[in-house]
Amino acid sequence: MAGLLLSPTEKVFIVHGVQEDYRSDGRSNIDYRPMELETDVVSHASGSARLRLANTDILVGVKTEIDVPSPENPDLGKIEFFVDCSANATPEFEGRGGEQLAIGISNLMQRAYHSSQAFNLKQLCIFESKQCWKLYVDILILECGGNLCDAVSLAVKAALFNTRIPFVKAALMDGGNVDLQLSDDPYDSKLLDVGSAPLQVTLCKIGDKCVVDPSAEEESCSVISVIVGITGNSSCFSEDNSSPDTGGKFTTIDMNGPGSVAPKTLKDAINQGRVAAKLLDKSLGEALLRERQESVKLKKYSYGFLK
Amino acid sequence: MTDIYKLIHPVKYFNDYVSRQVRPDGREFHEQRNIKLNVNSIKSADASAVVKCGNTTVVCGIKLELATPKAEEPDLGFVVTNIELPPLCSSKYRPGPPSDNAQVTSNLVSDIIINSKCIDLKDLCIASDKLAWVLYCDMVCMDNDGGLVDACLIALMASLKTLSLPTVTYDSETEEITVDTSVTTKLNVHGLPVATSFAMYTQEQRNIILADPSSYEEDMCGGLGANLIICYNKGFICGSQKFGGSNLTTECERKAHKIAKGRAQIVEEVINVCLKNYQNEPNQ
Amino acid sequence: MPLDYRRFNGPEDSVSYKRFTKDYLKSYDELYKELLDDNGVRKDGRALSEARSMCMFFARTDMVSQAKGSAYVELRKTKVVCSVFDPREIPHQNEFSQLGQIFCEVKFAPFSCPRRRRPHAPDAEEKALSVALRKALEPTVCRHLFPNYQVDVFIYILEHDGACLSAAINAAGLALADAAVPMYDIVTACSVAIVGDRLFVDPTEAEEHVATISPETNSNHGVITMSMLSELKQISDFTLIGSMDTECVNTAMDILEKECETLVPQIQKILVTNVVKSFEQRQRLEEEANDREQALNIKMEEWRKLLNAG
Amino acid sequence: MPGPDLLSSQGLRLDGRRPNELRRIRCKLGVFAQPDGSAYLEQGNTKVLAAVYGPHQASKSKSLQDGVVVNCQYSMATFSTGERKNHPRGDRKSQEMSMHLRQALTAAIKTELYPRSQIDIYVEVLQADGGAYCASVNAATLALIDAGIPLRAYACACSASMAWRNGQPEPLLDVGHVEEAAGGVVLTVASLPSTGSIGLIEMSHRLHMDYFDVVLSRAMQGCKDIEVILDRAVREHLAEGWTKQDVVVI
Chain U
1 MAGLLLSPTE
11 KVFIVHGVQE
21 DYRSDGRSNI
31 DYRPMELETD
41 VVSHASGSAR
51 LRLANTDILV
61 GVKTEIDVPS
71 PENPDLGKIE
81 FFVDCSANAT
91 PEFEGRGGEQ
101 LAIGISNLMQ
111 RAYHSSQAFN
121 LKQLCIFESK
131 QCWKLYVDIL
141 ILECGGNLCD
151 AVSLAVKAAL
161 FNTRIPFVKA
171 ALMDGGNVDL
181 QLSDDPYDSK
191 LLDVGSAPLQ
201 VTLCKIGDKC
211 VVDPSAEEES
221 CSVISVIVGI
231 TGNSSCFSED
241 NSSPDTGGKF
251 TTIDMNGPGS
261 VAPKTLKDAI
271 NQGRVAAKLL
281 DKSLGEALLR
291 ERQESVKLKK
301 YSYGFLK
Chain B
1 MTDIYKLIHP
11 VKYFNDYVSR
21 QVRPDGREFH
31 EQRNIKLNVN
41 SIKSADASAV
51 VKCGNTTVVC
61 GIKLELATPK
71 AEEPDLGFVV
81 TNIELPPLCS
91 SKYRPGPPSD
101 NAQVTSNLVS
111 DIIINSKCID
121 LKDLCIASDK
131 LAWVLYCDMV
141 CMDNDGGLVD
151 ACLIALMASL
161 KTLSLPTVTY
171 DSETEEITVD
181 TSVTTKLNVH
191 GLPVATSFAM
201 YTQEQRNIIL
211 ADPSSYEEDM
221 CGGLGANLII
231 CYNKGFICGS
241 QKFGGSNLTT
251 ECERKAHKIA
261 KGRAQIVEEV
271 INVCLKNYQN
281 EPNQ
Chain V
1 MPLDYRRFNG
11 PEDSVSYKRF
21 TKDYLKSYDE
31 LYKELLDDNG
41 VRKDGRALSE
51 ARSMCMFFAR
61 TDMVSQAKGS
71 AYVELRKTKV
81 VCSVFDPREI
91 PHQNEFSQLG
101 QIFCEVKFAP
111 FSCPRRRRPH
121 APDAEEKALS
131 VALRKALEPT
141 VCRHLFPNYQ
151 VDVFIYILEH
161 DGACLSAAIN
171 AAGLALADAA
181 VPMYDIVTAC
191 SVAIVGDRLF
201 VDPTEAEEHV
211 ATISPETNSN
221 HGVITMSMLS
231 ELKQISDFTL
241 IGSMDTECVN
251 TAMDILEKEC
261 ETLVPQIQKI
271 LVTNVVKSFE
281 QRQRLEEEAN
291 DREQALNIKM
301 EEWRKLLNAG
Chain E
1 MPGPDLLSSQ
11 GLRLDGRRPN
21 ELRRIRCKLG
31 VFAQPDGSAY
41 LEQGNTKVLA
51 AVYGPHQASK
61 SKSLQDGVVV
71 NCQYSMATFS
81 TGERKNHPRG
91 DRKSQEMSMH
101 LRQALTAAIK
111 TELYPRSQID
121 IYVEVLQADG
131 GAYCASVNAA
141 TLALIDAGIP
151 LRAYACACSA
161 SMAWRNGQPE
171 PLLDVGHVEE
181 AAGGVVLTVA
191 SLPSTGSIGL
201 IEMSHRLHMD
211 YFDVVLSRAM
221 QGCKDIEVIL
231 DRAVREHLAE
241 GWTKQDVVVI
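From first to last, the protein sequence lines stand for chains U, B, V and E. Mind the numbering: the first sequence is residues 1 to 307 in this note's numbering, read in order. Mind the numbering: the second sequence is residues 1 to 284 in this note's numbering, read in order. Mind the numbering: the third sequence is residues 1 to 310 in this note's numbering, read in order. Mind the numbering: the fourth sequence is residues 1 to 250 in this note's numbering, read in order.
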């Protein structure tokens with residue numbers, strides 16, 4: 001990460017700590033750092049979320065637009081990810097400096113959401129082969145404190161959970177064109193089914209072991225990390241507990257960094273990632289459901305950045 | 001040893017050869033390089049050709065599309081020719097949008113195709129003002145060792161000659177389009193423009209023209225590409241361009257025209273033999 | 001999209017004629033059925049676990065005369081050209097970089113894809129492939145030997161019939177070796193497409209297409225590409241798209257590891273042939289030079305005699 | 001010349017404010033850990049984040065012998081406006097905004113203290129609801145203070161518009177998006193209120209000379225009001241900071 005300088009001794013200290021399963025900030029190798037999550041923070045967006053994971057700060061806004069479906073998939077909607085690395089995070093991102101990183105993350109998100117088992121695009125269809133919703137998921141990275149991919153995937157899932165799509169009141173057929181009338185009432189809208197949306201877990205290889213949620217210091221001690229995207233469990237994200245346990249399937253596996261890994265290490269890492277993702281998904285579901293209940297009872301206090 | 005000599009004294013190296021009446025690759029001044037041609041090797045394109053003139057390699061692929069004709073020319077289809085000079089073909093090119101050289105070459109080839117009238121755009125119209133064919137012809141240079149325009153034109157003409165169009169029926173009432181790929185008609189190609197590149201060099205008041213120059217020779221003669229390009233179509237001149245290099249004397253010009261005319265016949269023969277072989281292949 | 005004024009553009013509304021053919025929109029089941037015949041053999045006659053590289057791998061180095069090193073790889077219909085250029089100083093860089101860099105660019109020919117025409121401007125898929133290629137090559141190149149310099153690796157895909165990333169990695173490995181860039185190990189790559197419980201090794205474009213469409217049921221699907229340094233037993237890059245369970249990933253990894261290893265001797269053979277050929281060529285050149293020198297010496301002798309006599 | 005009806009018969013504006021009333025300003029210093037200084041500011045529904053890096057060594061090409069180089073970048077989140085923006089920065093409008101920000105802030109910073117150095121100020125608009133420029137200047141001032149960079153005075157920006165009530169001119173303070181869109185005149189002023197000097201004036205649409213002074217003095221009044229709010233926020237932040245930090249250190 002930018003501007004981070006570690007001496008060789010400091011690096012050795014971190015590596016030895018990981019070997020003993022006791023990291024420099026007191027966590028074990030599979031612990032996440034505490035996070036703060038708030039949804040519905042941007043009023044101009046259909047759905048939004050802000051996630052702060054230690055020093056990593058992500059703001060996600062989802063905007064909806066009406067579009068024409070692609071001819072190959074007339075019954076599917078569209079989803080597009082756009083990542084912007086704000087120069088607030090580091091001066092290196094000024095101008096187009098953050099573009100490389102941004103493209104990398106948006107490609108990864110696009111691939112993770114590719115399968116219909118991760119996110120069903122059929123729910124965005126309005127009128128087959130004529131009109132569909134297009135979701136713009138805009139991700140703004142405000143501060144980088146390590147582990148960007150995980151934080152982005154959590155914030156995106158939370159923002160999509162928060163997204164409301166207006167109901168279509170009437171449709172007028174005019175020749176081959178469809179004219180839609182949308183409901184103006186903000187409460188007259190539907191929520192998206194995002195239970196199965198994937199979460200990404202970065203496993204950073206330090207020494208011979210892998211750790212989840214690496215801090216910026218730990219990231220600089222590692223030459224390779226494995227990123228796994230794992231579908232979520234829908235039952236964690238709905239209020240009735242009747243729906244069956246699903247999820248736990250890999251939608252992406254990717255390696256990041258200039259190094260390489262042995263096949264055995266990779267297998268262990270993806271298993272470790274799956275376990276971590278399951279726990280993470282469960283606690284995200286709980287937090288989001290709790291917040292939704294609070295907002296229904298009008299008890300929710302909006303913090304934004306003022307906390 | 002010779003490599004180092006060439007690197008340190010490129011001009012002297014070249015002069016030594018030229019003063020002995022021979023070119024660095026052993027050819028005579030008027031001699032051209034071997035041409036190898038292969039058609040329809042790329043199955044994802046509707047027609048394709050690969051041509052090798054010496055080291056210079058160009059691949060041409062044609063993709064067919066349908067579009068509404070322009071309002072001012074309702075009976076004409078489209079031929080869109082582009083030349084791609086990707087960075088892998090020579091260290092002169094960088095990634096990104098096409099360089100000036102690529103644009104100039106692209107324009108040149110497009111002009112030759114339009115001026116030679118080898119494709120009647122009216123043949124590409126299916127329903128007037130409603131539907132017409134678009135021929136996207138992309139020529140990609142895989143290895144640029146001089147004489148680029150020659151190779152591009154050979155590849156383009158060879159692939160145009162193998163192109164057949166599927167049958168399209170257009171229902172003017174319902175505006176419905178149906179395409180039948182099982183029945184195809186061959187595209188009419190009139191004539192065959194062939195370009196020949198020359199590099200011009202002046203040594204001690206002596207004007208020399210080098211036919212079909214390599215990229216090293218082009219560099220030595222001070223051009224970004226060939227200095228003189230003469231285009232013949234079935235025995236008639238259909239284009240002649242000169243870019244930089246030394247002055248062109250009438251004598252040299254006459255000589256160049258003679259070489260170009262002769263080469264046009266050879267290339268025509270090459271294309272015809274290649275197409276005949278292709279049609280006679282049992283698995284086609 | 002802004003108009004590209006540097007190229008000739010066709011009409012804006014043009015669409016491929018294939019959209020109006022009868023079998024443009026096929027259902028998932030139809031597409032799936034087309035992949036295999038009744039005996040469970042693939043359309044091109046291969047068994048499920050059979051890679052094209054086994055029978056039809058055609059690769060050669062020394063393809064592009066202007067490049068330092070180059071390679072051409074053909075997996076039946078998939079055709080990939082790669083060229084590598086001399087290291088040059090990293091442009092637009094302020095700080096000194098201890099390690100050399102690899103710059104990769106993957107480009108599809110406009111006519112390379114059977115389904116559509118590719119745009120001239122680089123699209124997201126090309127950028128993603130370039131990044132994947134760079135990650136696959138980085139661990140194998142001895143980058144500390146050319147600090148502050150970058151090696152350019154350019155890939156051009158002439159025809160795309162599946163597994164183009166693995167073909168590109170194999171080609172790049174060959175071209176780097178041809179350009180005499182120091183490397184730790186030979187890098188090889190292979191892909192597998194997963195449709196339900198079937199694994200298609202070294203898939204064609206049609207098989208990849210079916211594997212990336214999501215089925216209605218909750219079955220596994222996806223494409224995995226893995227590149228390996230076989231001698232060092234290290235995975236240099238691993239890309240997965242789709243949705244599948246752990247078991248499936250593990251089986252696919254074992255298969256890919258084996259396939260990558262079988263590729264190594266083939267690549268070694270090509271490299272050895274290349275060395276032998278260039279050695280022979282040099283010998284021939286030297287002989288010719290000697291002959292010339294001798295002829296010259298004889299002539300000199302004659303002249304000297306004439307001079308002495310005259 | 002009755003423009004659009006910006007004032008009701010009771011003398012209230014479209015969003016229910018009185019003509020001389022600011023929107024609610026809430027702000028916080030030190031929201032991020034990595035930058036040298038950062039601040040968050042909400043002005044009604046306009047929300048802005050600012051971060052300051054530096055002073056640090058200037059890059060060779062920019063370096064000045066006699067003062068610090070102030071480098072500003074104004075960027076708007078793609079979801080910040082009603083219609084989605086395709087590019088967060090780099091378009092003409094944000095380039096212009098970056099320049100205006102630099103002008104206003106250079107006036108406030110004691111540039112002579114840091115020759116051959118550079119200060120980076122990055123402003124990110126999270127939500128735009130009118131007066132994004134004013135909020136950016138105010139947030140950037142707070143971030144500069146958080147970074148401990150010596151200022152001559154608070155740099156504050158405020159906008160004012162013009163409306164008519166019973167035939168009398170009535171300037172409006174702190175223009176919101178609805179009022180901006182209605183097409184009236186918008187006068188934006190960036191100033192150092194405690195010294196009374198003006199760093200930047202920008203006006204859109206046309207305004208009769210006779211009323212210019214009225215509108216300008218209303219905007220200046222707004223700047224003074226904002227200065228009071230910012231000053232209180234800084235004092236509160238510092239008071240908090242003292243107690244918290246010292247306890248931790250001891």
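A few of these clues could be false.
Unchecked claim - Examples of chain U residues toward chain E, derived with CB under 10 Å:
hint: 1; residue: L5
hint: 2; residue: S43
hint: 3; residue: K63
hint: 4; residue: N88
hint: 5; residue: F167
hint: 6; residue: S220
hint: 7; residue: Y301
Said to hold, decoys possible - The calculated label-pair distances, taken between Cβ atoms and stated as ranges, are:
hint: 8; chain 1: E; residue 1: L151; chain 2: U; residue 2: N271; range: 34 to 40 Å
hint: 9; chain 1: E; residue 1: H87; chain 2: U; residue 2: I66; range: 45 to 51 Å
hint: 10; chain 1: V; residue 1: D62; chain 2: E; residue 2: G90; range: 51 to 57 Å
hint: 11; chain 1: B; residue 1: Q205; chain 2: E; residue 2: G90; range: 53 to 59 Å
hint: 12; chain 1: E; residue 1: L64; chain 2: V; residue 2: E89; range: 26 to 32 Å
hint: 13; chain 1: V; residue 1: V15; chain 2: E; residue 2: H87; range: 24 to 30 Å
hint: 14; chain 1: B; residue 1: D100; chain 2: V; residue 2: P11; range: 51 to 57 Å
hint: 15; chain 1: E; residue 1: P150; chain 2: U; residue 2: G97; range: 48 to 54 Å
hint: 16; chain 1: V; residue 1: K258; chain 2: E; residue 2: D91; range: 42 to 48 Å
Just so you know, these hints were derived from the structure itself, not from any lab. Think of the CB as a built atom: it goes at the ideal place given N, C-alpha and C, for glycine as much as any other residue.
For each hint, the structure was consulted:
About 14 Å separates the beta-carbon of U:L5 from the nearest beta-carbon of chain E, more than 10 Å, and the hint is not met. Checking U:S43 against chain E by beta carbon gives a least distance of about 6 Å; that is within 10 Å, so the hint holds. The beta carbon of U:K63 is positioned within 10 Å of a beta carbon in chain E (closest approach about 5 Å), and the interface hint is therefore held. A hinted interface residue such as U:N88 counts as satisfied when its beta carbon comes closer than 10 Å to some beta carbon of chain E; here the least separation is about 4 Å, so the hint holds.
Interface restraint check for U:F167: the shortest CB-CB distance to chain E comes to about 20 Å, outside 10 Å, so the restraint is violated. Restraint check, U:S220 versus chain E: the minimum CB separation of about 15 Å is more than 10 Å; hint violated. Nearest Cβ of chain E to the Cβ of U:Y301: about 13 Å, over the 10 Å cut. The hint is violated. A beta carbon spacing of about 55 Å between E:L151 and U:N271 contradicts the range 34 to 40 Å that was offered as a hint.
The supplied range of 45 to 51 Å is broken by E:H87 and U:I66, whose beta-carbon atoms lie about 21 Å from each other. Between V:D62 and E:G90 the Cβ separation comes to about 44 Å, which falls outside the hinted range of 51 to 57 Å. Taking 53 to 59 Å as the suggested C-beta distance range, the pair B:Q205 and E:G90 conforms, at roughly 57 Å. Taken as a hint, the range 26 to 32 Å holds for the pair E:L64 and V:E89, whose Cβ atoms sit roughly 29 Å apart.
As the Cβ distance of V:V15 to E:H87 is approximately 29 Å, the hint placing it in 24 to 30 Å holds. B:D100 and V:P11 have their C-beta atoms about 26 Å apart, which leaves the hinted 51 to 57 Å range violated. Taking the beta carbon of each, E:P150 and U:G97 are about 28 Å apart, not inside 48 to 54 Å as hinted. Look at V:K258 against E:D91: about 53 Å separates their beta carbons, and that is not inside 42 to 48 Å.
The structure is inconsistent with the numbered hints 1, 5, 6, 7, 8, 9, 10, 14, 15 and 16, although it conforms to all the rest.
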